[in-house]
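Go ahead and model the full structure; you've got the sequences and the hints to work with.
In terms of my numbering, the sequence shown opens at residue 478 and continues consecutively.
Please keep in mind that the hints were generated in silico from the structure rather than gathered at the bench.
All values reported here derive from a predicted model rather than from experimental measurement.
Treat the hints loosely; a few may be bogus.
Quick list of simulated restraints, FRET-style, between CB atoms [as the list claims (entries may be wrong)]:
1) 617 to 510: 40 to 50 Å
2) 645 to 680: 42 to 52 Å
3) 589 to 683: 22 to 32 Å
4) 589 to 541: 34 to 44 Å
5) 553 to 482: 17 to 27 Å
6) 682 to 516: 48 to 58 Å
7) 549 to 668: 14 to 24 Å
8) 523 to 656: 25 to 35 Å
9) 661 to 538: 33 to 43 Å
Just so you know, even glycine gets a beta-carbon here, dropped at the ideal spot from N, CA and C.
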Amino acid sequence: MLELFFSAFVTLFVIIDPPGCAPIYAGLTQKANAAQRRSMAIRATVIATGILLFFAVLGEEVLGALHIELDAFRIAGGIMLFLIALEMVFEKRTQRREDRAEKVRSTPEIEDVAVFPMAMPMLAGPGGIASIMLLMARAEGIEETFVILAALAAVMVLTLLALLAAAPLMRLFGSQFEAVLTRLLGVVLAALAAQFVINGLRGTFGL
478 MLELFFSAFV TLFVIIDPPG CAPIYAGLTQ KANAAQRRSM AIRATVIATG ILLFFAVLGE
538 EVLGALHIEL DAFRIAGGIM LFLIALEMVF EKRTQRREDR AEKVRSTPEI EDVAVFPMAM
598 PMLAGPGGIA SIMLLMARAE GIEETFVILA ALAAVMVLTL LALLAAAPLM RLFGSQFEAV
658 LTRLLGVVLA ALAAQFVING LRGTFGL
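Below is the structure:
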């Protein structure tokens, strides 16, 4: 169970990327006061958690309604996660997030960033949704299901803490620390993505 928890935790932590979201959030909320930043951080995390829980619980039913086999989703999800990993290693993912944040900052009428872009697509984006569905598909029995949900809860708590401490963290560590950490996590994610594809191919061809 501990191995499953660690695997699920690492996968979700890498995809949701609390250290990478913190500086984006700090930039988006630099004109807000402390109470507003705290409120938006809490709401963004709660909304993102709700979205991920929805797909964790009903993801397989959604696939069934669309007549998509689970192994096909494993392969597609693994490929998508691998592409995200490449972007992380070469810093393209961070640049895209910063560009999205800059668009929000340049639009004066948008002040509350809790729902967009923080909750979705930054926290509960396509990668996070695919990851939680793939992890839940691996769960055998109610105990493993709760282990994966516990890993999700742990990652979301860390995400909330990262958003709440975004400004102090940026002053403490700076952008170079974030760049190094993002590249390391990208390598880990690439290996996890490859494993998802391998599992999907095994299931499809009976290897």
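Q) Checking against the hints above, which ones are violated? A) Violated: hint 3 alone.
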